[in-house]
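Q: Spelled out, the chains give:
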Amino acid sequence: MAVAETSSGPAVAVRRSLSHAFWQRLRPTTLALIVPLLLLAFWQVATTNRWTLLIPTPYEVGQEMVDFAVGGLYDDAYSGTLLTHLLASMSRVYGGFALAALFALPIGMMVGRMQTARMLLDPFLQLMRPIPVTAWLPLSMILFGLGAKSAFALVCLGAFYPILLNTTFGVRSVDPKLFEAASMLGCRGSAQFYKVVLPAATPSIFTGLRLGLGLAWFVIVVGEMTGVPQGLGAVIMDGRTLSRTELVICGMIVIGLAGYVSDRLVVALGNRLLRWSPSHHG
Amino acid sequence: MVDASPIIEISRVSKTFQLQQQTIQALSDANLSIAKGEFVCLIGASGCGKSTLLRIMAGFEQPSSGQALMWGKPITGPDPSRGMVFQDYALFPWLTVRENIGFGPAARGLARSQVRETVDKFVELVGLTKFADVYPHQLSGGMKQRVAIARVLANDAELVLMDEPFGALDAMTRERLQDELLEIWQRTKLTVVFVTHAIEEAIFLANRVVVMTPGPGRIESDNALDLARPRDVASPEFNAVRRALGAKLHSHHGRKAA
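Going line by line, the protein sequences match chains A and B.
Here full-length UniProt numbering is used: position 98 in the first sequence is 98, and no number is missing along the way.
Here full-length UniProt numbering is used: position 75 in the second sequence is 75, and no number is missing along the way.
Simulated from the structure, these hints should not be mistaken for laboratory data.
Backbone N, C-alpha and C fix where the C-beta goes; we use that ideal spot for every residue, glycine too.
Be a bit skeptical, because a hint or two may be false.
Chain A stretches covered by chain B per the calculated footprint, using a threshold of three residues with CB under 8 Å from any CB of chain B [unchecked claim]:
(1) 178-186
(2) 189-201
(3) 270-278
Assemble the whole structure, with the sequences as input and the hints as a guide.
A: Here it is, written out as structure tokens:
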């Protein structure tokens, strides 16, 4: 602030600060676009020079995307079905995520605050955690059958551990001074859980939910390998079987965008709820 | 001003901690009686048991032997009548200044309108009206400590226990808060027990300075100060007291006071 005031005349300073402000607003978007655009350019060059014959050009993928979204180009089984598949996947992502949160939050709180629960569950959960969701696919299909239930279960499993671990961490790492402060102010016993532990743990819990939702999108393709007719993962698997790589790429792009938008919404929500936390302004 | 029966009575209190198969004697045979309205400073080097003694008065620790009484009844746990001000503030970071101050009254089940009234009064008392709806991380150290003091006062504490409350503040802020604390103490007739390792701070604030020495922690001497207020840290009387207390403070390891 003080530095800006030392510049020559007021008019110059105003003009400079205006263009400066303009650039400051554009800067994040500009910088964020550089890497994707470079990748797109490389893709274009690689495909037009026929370095590979199996990957379609960006233009072909663009055409497929339009057809996938609104139809009218190829009129095949996938024309104009984007919304159907997106909604099917979203229902599994959010449903599986909600189910995961439903289990992971209370279990995480118990493991974090109750010694017996920790000794009972923690070794088992740590043992199960490294097993990838992909490995669960056959068992899940045996247990829940072919179709949506299986997909739901796999997405739920993918979102479960980050929520669990961050909740456990959050409720465990409450500053002990805050319990003393609460008790000398007349808040004792179980009331401390609601008045101290939960609010103190919200940043961690929130991080867990955010990671969990991200992972739910991450495992959606595996989840939809279970023989569901609809969903972006199902489209990608179909595209692979039919050697329609442009359809596969379209599915990938939509998952990426949907996951991105859903994450931004969660972050925006978090910034509102966690205004008090200096580490949560992003 | 000083009531006949003591608000706090510490008799033959010892405290030992178990630390990896070693027994540490933090406090040995302490006796102390504090009357209502007194401003007592506990002073000593680290390891002298001053914080342990304060935490026993707060009810955060139980004596290993001996008795800690408030108004003649044993102190069994923390209680709103004994408010604690911590060196690192221990404010609830998810609550605003207003909500932090209202935490105690709300926890004790006061009606919303009463909580509001109390909070308004104490926000004003510590001069934070402009910052009432701000979160702790946006405040300076001095402001945070004001909130911590207001939070204890708003909860009707009779006894305010302060554990090196100004230790983390810069010199200017510390002096201001010392003045403000004295003003509040004189106005409200509170009883204050204040732990510090700074002789000057103790002499500036207290009407009794309890000198403690380490290894094991014990009370070395109990010194009533009759310096007139407001006290002038540059006066010869002040310096004489400082020299005398300094000698007592350093006597245990044979060093001469400066």
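Q: Give me the numbers of the hints this structure contradicts, sorted from smallest to largest.
A: Result: no hint breaks.
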